[in-house]
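Going down the list, the protein sequences come from chains D and G. When the first sequence is numbered by my numbering, its final residue is 370 and no position is left out of the sequence of numbers. When the second sequence is numbered by my numbering, its final residue is 148 and no position is left out of the sequence of numbers.
No lab work stands behind these hints, which were simulated from the structure alone. Don't be surprised by glycine CBs; every beta carbon is placed ideally from N, CA and C. Don't take every hint at face value.
[To be verified] Which stretches of chain D does chain G cover? Using the computed rule of at least three CB atoms under 8 Å from a CB of chain G, they are:
#1 35-46
#2 287-300
[To be verified] Have a look at the derived ranges for each label pair, beta carbon to beta carbon:
#3 G:68 x D:20: 23 to 29 Å
#4 G:67 x D:350: 24 to 30 Å
#5 D:20 x G:67: 49 to 55 Å
#6 D:335 x G:146: 40 to 46 Å
#7 D:309 x G:68: 30 to 36 Å
#8 G:38 x D:22: 32 to 38 Å
#9 D:339 x G:68: 37 to 43 Å
#10 G:140 x D:140: 47 to 53 Å
#11 D:25 x G:124: 42 to 48 Å
#12 D:174 x G:38: 47 to 53 Å
#13 D:221 x G:98: 37 to 43 Å
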Amino acid sequence: MEREVALGERHRQMGARMVPFAGYQMPLQYTSIREEHTAVRQRAGLFDVTHMGEVSVRGRRAEEYLQHLVTNDIAKLAPGQALYTVMCRPDGGIVDDLLVYRDADDFMCVINAARHDADLEWMGAQLPPSEVVLEDVSAGTCLLALQGPAALRILEPLAKDGPVGEIPYYHHRPGNVLGAQVRISRTGYTGEDGFELYCDPADVERLWEGLLEHGRAEGVLPAGLGARDTLRLEAGFRLYGQDIDLDHDPISAGLGWVVKLDKGEFEGSAALRRIKADPQLSFVGVRLGPREIPRPHQSIVVAGEPVGEVTSGSYGFTVAAGIAMGYVRAGAAPRGAEVEVALRAQPAQMGSGTVVPLPFYRRQA
Amino acid sequence: MSDLSGYRFTKTHEWVRTGDGSEAVVGISDHAQAQLGDVIFLELPAVGAHLEAGARFGAIESVKAASDLYSPISGEVLEVNQAATTAPELVNQDPQGEGWLLRVRLEGEVPGGLMDSAAYDSFAASDEH
């Protein structure tokens, strides 16, 4: 039986189609994925992503511990900043991808719900004997994501402690929104400007209702996991369990930019150094026609020869094309290469695509 | 709910509606569109094509999956719903009305094995998971 989020009943009242996701009952869509996707690109969408896990990391050696746990450089993370990173096994396999927030001396890691238990076990096993405290604060933390070009206009008048427009991308600060004490973070998983609000479960309904009500004039819509998936795919964001997993390392996954091999030794650094010197796989984006919709596990074919497999594929409502990401043999499908994707076996159908740089969609600055 | 007395449904979730004459209209059920999610495009036969009852006549691709379409009846395609092919969301919005797929000249009878709307509803309910 899946767990219920604080807003579960509210989502049902609003007509959401609920689906099991990572151990929770979560809203897939309220009206349609197309409508919600388009609202986020053109106006704003509000997502309940309370299923995400939050782990507080504190203590005198917290920075040193995290620096060894994750691949990105925690030493460069200033208070008030957020950092995207992965954590790896010694062989380079990705345990999870996560956001790390730094407050003065404390940190908060935001992890995938589907990896919650595995992450806590792994993070616990890496702990030094003293001077670092890990605390799973997931149950006491709700998360709403307000995303889209109108997100700032909606949030600004509702936030007290100073203009939220002055929070730079990938920064955060505590704040008061609609009377609730929250962490306001200028981050998201959609490719649009937007904010993520971490709050107490007691405040989440007030925030949800208030943001929808005050955002009505801006055309905000509640948005579900369906739109979140098509938005993140257009934006080229990896999804754990599909694009990245224990069998793949961040170098092969095209996430080399979060792997700081010059910061000193860390979990997986030796393996990642070897992989970087001699990569076997590359991670590519493929753009197909508007009627060619790729799906996970379909073959990517070059000149009749299978060279890889789609890990995420769908229709991109904004780019109006079938789009896919996936692994190919290193060098087999460079940027600009013409590839085929095996859309279906019976009757056999191949889609023609081009290898393009990620992301598929980039918002106008 | 609209009057579905003239509708017969297949186990593969298509419907056929017949009137007085030899013409029939074919579409997919509301249950099918809900399961598929947002329809992205329709692959439908051309006017003049021949449909065979029980045989594949096209495909419907949604954000979630591609599904084959099977004809409830035999006949010749008289019209393809251009409104639905240009705006496939119509199939989500009104699958058993404005979101019809094909108008067909019926050959022979509507097969007896098809379900009426009550029988289809309980069939579809048992199909939920």
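Verification of the hints:
no., hint, result
1, 35-46, "holds (count 3)"
2, 287-300, "holds (count 4)"
3, G:68 x D:20: 23 to 29 Å, "violated (38 Å)"
4, G:67 x D:350: 24 to 30 Å, "holds (29 Å)"
5, D:20 x G:67: 49 to 55 Å, "violated (41 Å)"
6, D:335 x G:146: 40 to 46 Å, "holds (44 Å)"
7, D:309 x G:68: 30 to 36 Å, "holds (31 Å)"
8, G:38 x D:22: 32 to 38 Å, "holds (34 Å)"
9, D:339 x G:68: 37 to 43 Å, "holds (42 Å)"
10, G:140 x D:140: 47 to 53 Å, "holds (50 Å)"
11, D:25 x G:124: 42 to 48 Å, "holds (45 Å)"
12, D:174 x G:38: 47 to 53 Å, "violated (60 Å)"
13, D:221 x G:98: 37 to 43 Å, "holds (41 Å)"
Of the hints listed earlier, those the structure fails to meet are numbers 3, 5 and 12, in rising order.
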